[in-house]
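Peer 1: Following the hints, complete the assembly by docking chain B onto the known chain A.
Protein chains: 2
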Amino acid sequence: MSYVNELGVRAKKAESSIANASAKLKNDALNAIAEALVKNSAQIIAQNAIDIENAISNDMSVSMQDRLLLNESRIKAISDAVVQITKLDDPIGSIIGGGIRPNGLKIQKTRVPLGVIAIIYESRPNVTVDAATLCLKAGNVVILRGGKEAFYSNKCLVEIMREAVSSTGLSPDIVQLVQDTSREVSNELMKCSQYIDVLIPRGGAGLIRACKENASVPVIETGTGNCHVFVDESADLEMAVNIVDNGKTSRPSVCNAVESLLVHKNCAEKFLPMIRDRFDKKKVEIRGCNETLKILSGRENVSSASEEDYATEFLDYVISAKVVGSVDEAVAHINKYSTKHSEAIVTNCLVNAEKFQREVDAAAVYVNASTRFTDGGEFGLGAEIGISTQKLHARGPMGLNELTTIKYLVNGNGQIR
Amino acid sequence: MSYVNELGVRAKKAESSIANASAKLKNDALNAIAEALVKNSAQIIAQNAIDIENAISNDMSVSMQDRLLLNESRIKAISDAVVQITKLDDPIGSIIGGGIRPNGLKIQKTRVPLGVIAIIYESRPNVTVDAATLCLKAGNVVILRGGKEAFYSNKCLVEIMREAVSSTGLSPDIVQLVQDTSREVSNELMKCSQYIDVLIPRGGAGLIRACKENASVPVIETGTGNCHVFVDESADLEMAVNIVDNGKTSRPSVCNAVESLLVHKNCAEKFLPMIRDRFDKKKVEIRGCNETLKILSGRENVSSASEEDYATEFLDYVISAKVVGSVDEAVAHINKYSTKHSEAIVTNCLVNAEKFQREVDAAAVYVNASTRFTDGGEFGLGAEIGISTQKLHARGPMGLNELTTIKYLVNGNGQIR
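In order, the protein sequence lines correspond to chains A and B. Quick note: the first sequence, position 319, residue 319 per my numbering, numbers continuous. Quick note: the second sequence, position 68, residue 68 per my numbering, numbers continuous.
With the rest of the complex left out, here is chain A (with noise of 0.2 Å):
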């Protein structure tokens, strides 16, 4: 048996230990998580030690550094993250629809889990404790295949979850961490629907092509984001400015972050210089269209864009920049470039305002508000296991619901039909 199905079998086993398990004694598996990740700091800080000496001598970039780091605060952090798991609502069992039927048959809609869940993202390790600790919540066997980066800190943090979950009299394989890196496995994996239920991927735009590409288990897209703003002619452009600039420089390498900034030619010679100052203190590149370039002229950090530079998620200092001549031409360019996730107007006019939001196709369209509310705390669903970019099952922030699927209880007295 190859070491997915072994994997996959483990897993299935595993399923009814936490399908049925009580929401009690499944925040009591969170709580002894939370406490043995403090409890196992160092251990953790010092395996983290060689992910980040391989990563040293890697030339890693310093950015990706810091995100592979872990230290006692970092850890705290992450522990308290579980814990707040523990005081969300348990999806499981709660009854949404249903009724009793003319001829008698009572029907109810419920949430149960979804099964298996496999989650294969990349180099930050605190997404090992994330993902698991909400796929246990609802119910879930979770099998994690995270970054090589970060091998020594993921299998760290997971046998460290595994055996807290076993303290409990919950089956230590509900958590597995997939510890072959290779891509054969990781290709294996996305086939491997005779054992796995749902595969989410969490990274870059490459990972989730290759899981579309190549998975025969069913894929929960998330977290590519080619985020727009439109600056309309009647915005106000303090207000726009804030926006966009929040939008790029307050978390450049998150999903929700803003690439592409779309101008009304009618207030672009005021407001490209104004968005140019702002960004001038960040060192912000504006790569833009000619008329961009003929505004922004003898700027410093002004380049020009690409075909490819407007369907590129910079994830950087970066930003790509158009001049359109109406709210039509601004909706026709996003929807040809967007990725889906999130979209902004900064606008006065109620008629525009609401043909944005009913003509961009994205999980989120905003209104005169930053593309960073889009995620789970914000949208109030207490924590959120990625953001969807499909149309099926889920779109947007997915927390615990979405890691729930349907079943239909039904009770008669000898109905038939």
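Simulated from the structure, these hints should not be mistaken for laboratory data. Note that the coordinates shown come from a computational prediction; the quantities given were computed from them, not determined experimentally. Careful, some of the hints might be misleading.
Said to hold, decoys possible - Calculated cross-link-like contacts (lysine-lysine; reagent style DSS-like; alpha-carbon spacing at most 30 Å):
no.: 1; chain 1: B; residue 1: 355; chain 2: A; residue 2: 336
no.: 2; chain 1: A; residue 1: 336; chain 2: B; residue 2: 265
no.: 3; chain 1: A; residue 1: 212; chain 2: B; residue 2: 12
no.: 4; chain 1: B; residue 1: 212; chain 2: A; residue 2: 336
no.: 5; chain 1: A; residue 1: 148; chain 2: A; residue 2: 12
no.: 6; chain 1: B; residue 1: 336; chain 2: A; residue 2: 12
no.: 7; chain 1: B; residue 1: 355; chain 2: A; residue 2: 109
no.: 8; chain 1: A; residue 1: 106; chain 2: B; residue 2: 265
no.: 9; chain 1: A; residue 1: 336; chain 2: A; residue 2: 212
no.: 10; chain 1: B; residue 1: 355; chain 2: B; residue 2: 270
no.: 11; chain 1: A; residue 1: 283; chain 2: A; residue 2: 336
no.: 12; chain 1: B; residue 1: 336; chain 2: A; residue 2: 191
no.: 13; chain 1: B; residue 1: 87; chain 2: A; residue 2: 336
no.: 14; chain 1: A; residue 1: 106; chain 2: B; residue 2: 87
no.: 15; chain 1: A; residue 1: 355; chain 2: B; residue 2: 24
no.: 16; chain 1: B; residue 1: 109; chain 2: A; residue 2: 109
no.: 17; chain 1: A; residue 1: 155; chain 2: A; residue 2: 39
no.: 18; chain 1: A; residue 1: 109; chain 2: B; residue 2: 336
no.: 19; chain 1: A; residue 1: 109; chain 2: A; residue 2: 155
Claimed, not checked - Residues from chain A that keep clear of chain B, each with C-beta distances beyond 10 Å, as calculated:
no.: 20; residue: 45
no.: 21; residue: 315
no.: 22; residue: 316
no.: 23; residue: 412
C-beta atoms are modelled at their ideal positions from N, C-alpha and C, and glycine is treated no differently.
Peer 2: Just chain B now, with coordinates in the frame of chain A:
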């Protein structure tokens, strides 16, 4: 550009025509379709006759020929079903969640169309109209790929629908038929994720498997039902006979038909002869385990079940049977062989009923009722596009709501984060 891409480009162009259409306009189009079908009955019947002629010369079975046949009363029934869809609430634009966040952001979780839906199905030409009109009501563009056996019928039906849709001002390209029914084109359709948002296969296990293995477009699997009835020791045996008989013989070719019978050992000696008596009238073959064979020795239409029989969706007057020692053994057998469609227990024991509903993993789990009720109409959805047997997006009967996705509309007054 390939033929499939041409269909895709036309579909995407037509998307806004239907996505933003009012409920009234969509109902006008549906009524125009309903009228046109009846008005053009003679033409439909003439084209259908070509399919029937081909079927006869290809030695198609009589029951399959009957599924293919259109006559005046069947066309009237198809037309009436379209009128029924006009009476269902329009799901598009409904607000299903949201509120005002502490920072003043107003979030509305709204229903929007999925976009472009491709449906691959087999011989029955009524599916052509059913599927197209349900997709239309939910604001979607549809690309239909029917079986080659029904090609002339489907072509005629789609031409009539396109003309009717056009007469109301909507783009005719909201309904397109794939006129090349080769396997290559079908495979290309499954991979056309640039233009197609969702793929819904409706048909046998082979088709579903091909979609799962080849598709890069997100798939909703429908309609394979290896459904079981477990007759527990405390069952009302008369009720159990009715439920098993109804599940097997009322319509053997439908996905909610019962394909396998499990009987508790403590009532098997009494129950198996009772169901055999009932099945004698309809010449149902029982393929049983050794214990079943012993109890039914000397009876007609009884043979030995192979391992494969337990995994087979017969869709015919054949049922597999097994005597089990406990509800646990029944649940384990079902979770091993079931396609997760509909499963039933007949029992008077509350503990066993609850255990069965909790532990059996399927879209619908019944106590003391026929699996026949897994149906959009019976569940109160009004109409259905199919029965989802997967866990993502939709599970069980899929109505109009399941043909939609989510868009979050977020309105602020300058909020940044």
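Peer 1: Against each hint, give a clear statement of whether it holds in the structure.
Peer 2: So, going through the hints one by one against the coordinates:
Among the hinted pairs, residue 355 of chain B with residue 336 of chain A is inconsistent with the structure: their alpha-carbon atoms are about 51 Å apart, more than 30 Å. Proximity of residue 336 of chain A to residue 265 of chain B is assessed by CA-CA distance (about 63 Å); at most 30 Å being required, the pair is judged violated. Between the alpha carbons of residue 212 of chain A and residue 12 of chain B the distance comes to roughly 20 Å, so the proposed pair stays at or under 30 Å and holds. In summary, the hint linking residue 212 of chain B to residue 336 of chain A is supported, as the alpha carbons are separated by about 28 Å, within the 30 Å threshold.
Restraint check: the Cα-Cα separation between residue 148 of chain A and residue 12 of chain A comes to about 25 Å, which is no more than 30 Å; the hinted pair holds. Our distance criterion of 30 Å between C-alpha atoms is met by residue 336 of chain B and residue 12 of chain A, whose separation comes to about 11 Å. For a cut-off of 30 Å, the pair hint linking residue 355 of chain B to residue 109 of chain A stands: about 17 Å separates their Cα positions. Distance restraint check for residue 106 of chain A and residue 265 of chain B: the Cα-Cα separation of roughly 29 Å lies within the 30 Å cut-off, and the hinted pair is therefore satisfied.
With a C-alpha separation of about 20 Å, the suggested pairing of residue 336 of chain A with residue 212 of chain A holds against the 30 Å cut-off. Distance hint between residue 355 of chain B and residue 270 of chain B is fulfilled; the C-alpha atoms sit about 24 Å from each other, no more than 30 Å. Between residue 283 of chain A and residue 336 of chain A, the direct Cα distance comes to roughly 28 Å. Compliance with the 30 Å bound is thereby established for this hinted pair. Between residue 336 of chain B and residue 191 of chain A the CA atoms are separated by roughly 20 Å; this keeps the pair inside 30 Å, and the hint holds.
As the CA atoms of residue 87 of chain B and residue 336 of chain A are separated by approximately 35 Å, the hinted pair breaks the 30 Å bound. Restraint check for residue 106 of chain A and residue 87 of chain B: the C-alpha separation of about 25 Å stays at or below 30 Å, so the hint holds. Straight-line distance between C-alpha atoms of residue 355 of chain A and residue 24 of chain B comes to about 20 Å, which keeps the hinted pair within the 30 Å bound. Note on residue 109 of chain B and residue 109 of chain A: the hinted pairing holds, with a Cα-Cα distance of about 21 Å set against a maximum of 30 Å.
Using a Cα cut-off of 30 Å, the hinted pair residue 155 of chain A and residue 39 of chain A holds, with the two alpha carbons roughly 16 Å apart. For the hint linking residue 109 of chain A to residue 336 of chain B, the alpha-carbon distance of about 24 Å falls within 30 Å, and the restraint holds. Under the criterion of a C-alpha separation no larger than 30 Å, the hint pairing residue 109 of chain A with residue 155 of chain A is inconsistent with the structure, at around 39 Å. Against the 10 Å criterion, residue 45 of chain A stays outside the reach of chain B, whose nearest CB is about 30 Å from its own CB.
Non-interface status of residue 315 of chain A relative to chain B is upheld: no Cβ of that chain comes within 10 Å, the nearest being about 17 Å off. Annotated as non-interface, residue 316 of chain A keeps its C-beta farther than 10 Å from every C-beta of chain B; the closest such distance is 19 Å. A cut-off of 10 Å between C-beta atoms contradicts the statement that residue 412 of chain A is not in contact with chain B; the least separation is 3 Å.
Checked against the numbered hints given earlier, this structure breaks hints 1, 2, 13, 19, 23; the rest are met.
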